[in-house]
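Novice: Residue-level listing of the chains:
Number of protein chains: 2
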Amino acid sequence: MTISPLAPAAFPDLPVIDGVTFATAAAGVKYEGRTDVMLAVLAKGSSVAGVFTRSATRSACVLDCQDKIGGPSDGKAAILVNSGNSNAFTGKNGTAAVNTLTSAVSTTTGIDETRVFTSSTGVIGEPLPHDKISAKLSELNAMQSDAGIADAARAIMTTDTFPKGASATVMIDGSPVKIAGIAKGSGMIAPDMATMLVYIFTDAVIAQPALQSLVSAHNDATFNCITVDSDTSTSDTLLIGATGASHIDVTDNADFSTALHDLMKDLAHQVVRDGEGATKFVTINVTGAADDQDARLVAMATANSPLVKTAIAGEDPNWGRIVMAVGKSGAKADRDLLRISLGDLLLAENGWRSPAYSEDAASAYMQGATIDINVDLGLGAGSSTVWTCDLTHGYITINADYRS
Amino acid sequence: MTISPLAPAAFPDLPVIDGVTFATAAAGVKYEGRTDVMLAVLAKGSSVAGVFTRSATRSACVLDCQDKIGGPSDGKAAILVNSGNSNAFTGKNGTAAVNTLTSAVSTTTGIDETRVFTSSTGVIGEPLPHDKISAKLSELNAMQSDAGIADAARAIMTTDTFPKGASATVMIDGSPVKIAGIAKGSGMIAPDMATMLVYIFTDAVIAQPALQSLVSAHNDATFNCITVDSDTSTSDTLLIGATGASHIDVTDNADFSTALHDLMKDLAHQVVRDGEGATKFVTINVTGAADDQDARLVAMATANSPLVKTAIAGEDPNWGRIVMAVGKSGAKADRDLLRISLGDLLLAENGWRSPAYSEDAASAYMQGATIDINVDLGLGAGSSTVWTCDLTHGYITINADYRS
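The listed protein sequences derive, respectively, from chains A and B.
By the working numbering, the letter at position 350 of the first sequence is numbered 353, and the numbering carries on one by one without gaps.
By the working numbering, the letter at position 257 of the second sequence is numbered 260, and the numbering carries on one by one without gaps.
Check before you lean on any hint, since a few could be wrong.
Stated by the list, open to error - Below, in silico cross-link-like pairs of lysine to aspartate or glutamate (EDC-like), each with a Cα-Cα straight-line distance of 20 angstroms or less:
hint : chain 1 : residue 1 : chain 2 : residue 2
1    : A       : K95       : B       : D295
2    : B       : K95       : A       : D149
3    : A       : K33       : A       : D149
4    : A       : K95       : B       : D70
5    : B       : K79       : B       : D115
6    : B       : K47       : B       : D134
7    : A       : K268      : A       : D337
8    : A       : K71       : A       : E116
9    : A       : K95       : A       : D134
10   : B       : K95       : A       : D337
11   : B       : K47       : B       : D154
12   : B       : K335      : B       : D295
13   : B       : K79       : B       : E116
14   : A       : K33       : A       : E116
15   : A       : K95       : B       : D21
16   : B       : K79       : B       : D21
17   : B       : K95       : A       : D134
18   : A       : K79       : A       : D149
Claimed, not checked - Stretches of chain B that chain A covers, calculated by requiring three or more beta carbons in the stretch to come under 8 angstroms of a beta carbon on chain A:
hint : segment
19   : 26-39
20   : 289-303
None of these hints come from the bench; they were simulated from the model.
Since we're looking at a predicted model, the values are computed, not measured.
The beta carbon of each residue, even a glycine, is placed where N, CA and C say it ideally should be.
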């Protein structure tokens with residue numbers, strides 16, 4: 004598979020997070036010649052929080068994680084992730100497979116089953132070969148290493164074209180608090196939909212409810228603001244573990260919150276940059292809406308419009324399609340107050356093409372790999388920013404040009 | 004342009020509708036060597052009803068039609084349509100152009116301006132060259148013919164790959180009432196979005212409010228149940244004129260209502276069959292939903308899902324993507340009650356692949372040009388049917404592989 008043209012130059016150096024260890028293995032769930040399982044173990048007392056897909060048909064492991072989040076937090080915790088099979092839409096067998104796996108992890112590691120979280124990503128509707136995964140648990144437990152996070156980022160990939168990682172160090176009262184995260188997503192999961200998985204670790208001290216509030220709020224402004232093709236996976240999962248090993252309490256600390264937000268945004272952008280067939284990274288800024296909710300409607304309608312996305316793929320400064328997306332969004336809009344810009348180039352205002360409009364300048368702008376679309380509705384103070392990619396022949400090739 | 008593989012074998016023979024005449028002309032709005040304007044004149048006292056795009060950025064002629072529908076109905080009426088330029092997002096100039104044209108039609112034909120309806124379809128954001136259209140009005144008025152409807156269907160095309168028409172004759176108390184309709188849509192309107200225009204004529208006697216109720220209700224079950232790519236034009240317009248020339252009153256007549264519904268559905272299907280790049284005509288039937296609104300959410304989420312549409316293009320019986328679409332739709336759903344079929348082939352039930360599932364049979368089914376996807380939610384009595392097409396390289400080629 005060709006690496007996305009929007010990929011970062013290299014996987015970043017991620018710091019060791021005290022209190023978290025990792026191991027990976029090749030269990031042969033589906034792929035040959037690569038790792039496909041990762042086990043992370045978090046120190047006693049770690050707080051674990053998470054956000055999950057809102058799909059009504061979400062998978063058994065998502066339901067299991069949702070049950071457990073916010074439960075007792077005194078012991079160690081474990082996160083087991085496999086790629087190659089999502090265990091989604093596998094009915095009662097799927098639930099049984101999750102129970103079998105979490106029980107096996109508990110037996111192997113001695114961690115209470117209520118603190119064992121699992122994710123699965125890959126083909127759906129096929130029985131999860133949980134025995135292949137269970138068979139690797141002793142090895143995964145024995146090989147735990149605090150330096151294994153980069154390998155973990157690779158083990159959770161499906162058809163991602165690059166592994167995704169990000170980190171931050173926040174100085175609080177002169178001492179460092181570290182955060183490191185990995186993600187997978189938007190590469191195709193043959194033969195099914197893309198799943199986004201995100202795991203973030205920090206050595207900060209923070210109680211579970213505070214950590215949950217923080218990650219939920221930042222999720223709304225980061226992962227919930229990206230879209231590749233408007234489709235929602237049945238398995239999307241974000242888990243964050245705070246080990247407390249730094250002994251620095253970050254509750255209500257603004258610097259930590261900002262660093263976590265920026266790290267989540269970075270990972271979210273990497274997911275878009277690995278969008279199926281993507282050749283452009285697109286930021287859609289909506290301002291001047293009646294309220295933030297209307298702004299988000301406009302931003303998402305624009306980001307998900309096949310006509311807008313194909314225009315971007317064609318490097319066509321086709322602001323008419325943006326007007327169309329505003330119009331269909333359901334948000335309050337007044338044609339004659341709309342202002343539409345590409346980067347700093349004003350295209351349309353006063354219900355009409357701007358007198359400043361230059362086709363040559365707009366066309367030149369569209370040839371860049373990074374496109375900013377700015378829409379001002381001229382009505383109020385509502386705003387929203389959403390990130391997406393273009394819709395290309397590559398997307399069709401990945402999703403239509405094969406038989407499963 | 005290649006004709007859609009889903010096109011009907013031929014344009015149908017449409018009957019003369021007493022009380023309506025047509026003429027077309029080549030005004031050179033944008034295209035060379037073809038007609039691009041049509042003028043229809045309806046007899047004195049004709050009832051005119053209409054439904055329009057709900058876009059917040061709809062065009063000046065749509066706003067003008069909406070103002071006039073339901074007004075005085077004693078005189079003649081006129082419908083003027085041009086292709087090549089949609090006069091959308093043209094600000095105050097656009098409104099002025101509509102006023103100039105309706106005034107010119109009134110002067111030429113002697114029809115009160117409140118009974119002159121216009122539509123424009125084509126490029127947006129460019130000034131409408133209304134003088135070119137006005138220059139043809141005398142010719143259009145002089146050439147009126149009751150046999151001109153097929154030519155009218157051609158004059159309103161943009162990049163449609165075939166003209167669209169349908170008719171019905173309803174026997175009421177032994178006498179015929181005739182209906183004939185034409186439509187354009189879903190072919191690309193370079194460089195902008197597809198617009199759907201529909202004009203229906205009948206010699207029935209029916210007062211405007213009753214005609215409006217009828218067409219609004221049937222629109223909800225026909226044109227509002229089709230989607231090509233989820234994008235909404237700023238110009239979508241359906242106008243219906245009842246001349247009364249048959250002297251047969253169809254108010255509350257069930258046969259007339261059914262015939263009108265079927266004709267509207269036929270035209271709606273033709274629009275889908277000319278969807279950009281379409282190679283499959285897809286019917287999505289949702290049953291067993293908590294209510295009809297939930298059923299429609301599921302049907303539209305499935306019809307608009309790029310992953311479902313690309314699976315159909317790839318002739319892949321990928322029911323996992325249908326489960327995904329159900330899950331993201333926002334409707335009440337229980338994974339373990341879902342039943343998904345392709346035609347008569349049961350694919351999934353009880354939260355799991357059906358024991359009856361045959362990959363070979365499902366793959367063979369997907370090779371047809373007409374695909375029925377049946378989703379039963381197992382919850383209640385809500386149902387909805389939606390029609391769409393697949394998402395192919397052809398769509399990307401039409402919408403991305405050019406610069407405007």
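Novice: For every hint, state whether the structure bears it out.
Specialist: Here is what the structure says about each hint:
{"no.": "1", "hint": "K95/A to D295/B", "in the structure": "violated (29 angstroms)"}
{"no.": "2", "hint": "K95/B to D149/A", "in the structure": "violated (66 angstroms)"}
{"no.": "3", "hint": "K33/A to D149/A", "in the structure": "violated (27 angstroms)"}
{"no.": "4", "hint": "K95/A to D70/B", "in the structure": "violated (57 angstroms)"}
{"no.": "5", "hint": "K79/B to D115/B", "in the structure": "holds (8 angstroms)"}
{"no.": "6", "hint": "K47/B to D134/B", "in the structure": "violated (28 angstroms)"}
{"no.": "7", "hint": "K268/A to D337/A", "in the structure": "violated (31 angstroms)"}
{"no.": "8", "hint": "K71/A to E116/A", "in the structure": "holds (9 angstroms)"}
{"no.": "9", "hint": "K95/A to D134/A", "in the structure": "holds (17 angstroms)"}
{"no.": "10", "hint": "K95/B to D337/A", "in the structure": "holds (13 angstroms)"}
{"no.": "11", "hint": "K47/B to D154/B", "in the structure": "violated (23 angstroms)"}
{"no.": "12", "hint": "K335/B to D295/B", "in the structure": "holds (11 angstroms)"}
{"no.": "13", "hint": "K79/B to E116/B", "in the structure": "holds (10 angstroms)"}
{"no.": "14", "hint": "K33/A to E116/A", "in the structure": "violated (26 angstroms)"}
{"no.": "15", "hint": "K95/A to D21/B", "in the structure": "violated (64 angstroms)"}
{"no.": "16", "hint": "K79/B to D21/B", "in the structure": "holds (13 angstroms)"}
{"no.": "17", "hint": "K95/B to D134/A", "in the structure": "violated (69 angstroms)"}
{"no.": "18", "hint": "K79/A to D149/A", "in the structure": "holds (15 angstroms)"}
{"no.": "19", "hint": "26-39", "in the structure": "violated (count 0)"}
{"no.": "20", "hint": "289-303", "in the structure": "violated (count 0)"}
Consistency note: the structure conflicts with the earlier hints numbered 1, 2, 3, 4, 6, 7, 11, 14, 15, 17, 19, 20.
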